[in-house]
Amino acid sequence: MSAPADATASRVPAGPMARFFRRLGEGRDNSLGLLAILIVLVVVLSFVSPYFLTATNLLNIGRGIAIVGIVAVGETIVIIAGGFDLSVGSVMAASGMIAGFLVTHGAPLPAAFAAALAVGALVGFINGAIISYARINPLIATLATLAIIRGLGYVISGGRELVISDEAFLTFGVGQVFGVPYIVILLVATFAVFAWLMPRTLFGRYAYAIGSSAKAAQRAGVPVSRWRIVYYVTCGLLSALAGLVFVARTGNAQPSAALGIELDVITAVILGGTSLTGGRGRLWGTFIGLLLLGVVNNGLILVGVPAFWQQVVKGTILLVAVLYDELRRNRVEEA
Amino acid sequence: MPQPLLELTGVSKTFGPVTALDRVDMQIGAAEAVGLIGDNGAGKSTLVKILSGLYPPTTGSMRFDGRAVHFGSPFEARAAGIEMIYQDLALCGDLDVAANVFLGRERKKSFGPIRLLDRTTMREDARRVMRELGTDIAPERIVGGLSGGQRQLVAVARALQFQPRLLLLDEPTAALSSEKIRVLMGLIEQLKARGVSILMISHRFTDILHVCDRIVVVRQGRIAGELAPHAQPPERTMAAMHAMMTGDALGVSA
Ligand SMILES: Nc1ncnc2c1ncn2[C@@H]1O[C@H](COP(=O)(O)OP(=O)(O)OP(=O)(O)O)[C@@H](O)[C@H]1O
Ligand SMILES: [Mg+2]
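Chains as they are written, first to last, in my numbering: chain A, 1 to 335; chain B, 1 to 254.
So here's chain A without its partners, still in its complex pose (with noise of 0.2 Å):
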């Protein structure tokens, strides 16, 4: 492989390896210093306690960041699009209960998952909507659509929440093939899948462009608009994903499921690297972020720390990463 590139404009290896190195030296990608924070975080944490590098645990781990993790994926993509979307465990909740009605009032599961995801699509076209079309900050468009659709989902169900007996259903939250969950492989492949589309096509493309300069994007001749729809239609379609994982996990579908639950999602996509104001990030950096995350509340249990807490910790992380995206970028426009 070649040496880490010296960015001078004359010679410049290609290659990814060179690219990697070179990204490393202009400091647009932090992943291995997290890598490095979590490698040392589970060598201590298995001195700490027996237990934590069991099997079990280990799964334990990655059934607890699934939820999470999959909602982080579809924030990703939307905050490098330089959009942001807060009403991701609203959608959850909402997708959760439709499936659950139309699953304990007989319809067959496709059909469930269907109009469950059928349910999140529409509320991220019209948070893409409304952001692109009406020009209103994201953070207000999608808080509001946040509080209606959590409302909604209230309203809708009285308040009740709807148990699940459909087998199927249930298998698909705690069933697992040669000892790993079915969630975690979900999990997985959507990392996956999402991380390999984003440097290969358009979509992933315009989300970097779009996050970089929608001014610059639109002038180039990219419909700037229809692609934040899609950004955001493709969040609400992860987050009703993972709101069908929340009910068959737990069994019920309830109108507070995942309430709160965009501190996790968003401390996991900005630990992992995601700039804030959009144009940089990646998805495997979120993973990162996210397995940072799941270790580090699975390490508070296991030490015995309270749950009230884990909030602070969690809270603290989220502000540290911040504070390190705000130094980085700086440094980065400096040079």
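Take these hints with a grain of salt, some might be off.
With the C-beta cut set under 7 Å, the calculated list includes, among others, these residues of chain B facing chain A [claimed, not checked]:
id: 1; residue: A90
id: 2; residue: L91
id: 3; residue: G93
id: 4; residue: L103
id: 5; residue: G104
id: 6; residue: R107
id: 7; residue: L116
id: 8; residue: L187
Quick caveat, the hints were computed from the structure, so don't treat them as lab data. C-beta atoms are modelled at their ideal positions from N, C-alpha and C, and glycine is treated no differently.
Position chain B with the ligands relative to chain A; hints supplied.
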């Protein structure tokens, strides 16, 4: 003049109560370089933005290459052969050079049912066009890390990659050193020699005098007049331009 490449008839543009352009008629011939000058707020940028497909005109019609055209977006104008280099360059700082050169017109290859970006071809083509511009900025470099002059070259490369018939430039020299201005002016002359028509906005009269065959003066949204830059000594031309821009009766030759 033989059939003009571009012909505007009665083009107006209003933004709410503001009339930015008022019934503008204008023609640009093939391989002709036209300079567009005027005071701040005269409507120059609005005019080129209409040509580049960014804004639709409020009224009036456009013919390009003998056909009536209505550009709904910059994509359509680019497809017709009109490229624009914006004053702020309109680059994406987080993308690399190749991605910026091909932004909006990516090369693709088929991979079963899905169409994937052809990154290798785009890198090679970007490298080639950068070489043609006399620079070897690597296509993998992130544009945000380039100097102002290098970014300008990326913007030029983007416009040239697609062999435009008409190149629009809005204040292309505003951010450049005098040495880079010379390079850019040389480039514009090369393009002209290759048959590309040019419409250039500039506040620097020397640039305009240097490369343009004809100067069009805009004042308060209207065409105030035209000048041939080399018909008289430069000082006289400059004085006449000033007079037309400010509406001073002395200069009104039309
Ligand atoms: N998008 C817009 N919305 C509202 N008004 C606009 C818009 N663009 C331009 N204008 C107005 O139209 C008029 C012409 O503006 P334009 O930018 O075309 O001038 P200009 O000749 O390019 O000026 P400058 O030399 O300062 O670049 C100005 O009064 C300006 O305020
Ligand atoms: Mg202007």
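Hints, verified against the model:
A cut of 7 Å between beta carbons decides the hint on B/A90: the least distance to chain A is about 4 Å, and the hint holds. Because the beta carbon of B/L91 sits about 6 Å from the nearest beta carbon in chain A, less than 7 Å, this interface hint is met. Taking 7 Å as the C-beta contact cut-off toward chain A, the hint placing B/G93 at the interface holds, the least distance being around 6 Å. The interface hint given for B/L103 holds, since its Cβ lies 4 Å from the closest Cβ of chain A, which is under the 7 Å cut-off.
Because the beta carbon of B/G104 sits about 4 Å from the nearest beta carbon in chain A, less than 7 Å, this interface hint is met. About 11 Å separates the beta-carbon of B/R107 from the nearest beta-carbon of chain A, more than 7 Å, and the hint is not met. Using the Cβ-Cβ criterion of 7 Å, the hint placing B/L116 at the interface with chain A is satisfied: the shortest such distance is roughly 5 Å. Because the smallest distance between the Cβ of B/L187 and any Cβ of chain A comes to about 19 Å, over 7 Å, the interface hint for this residue is violated.
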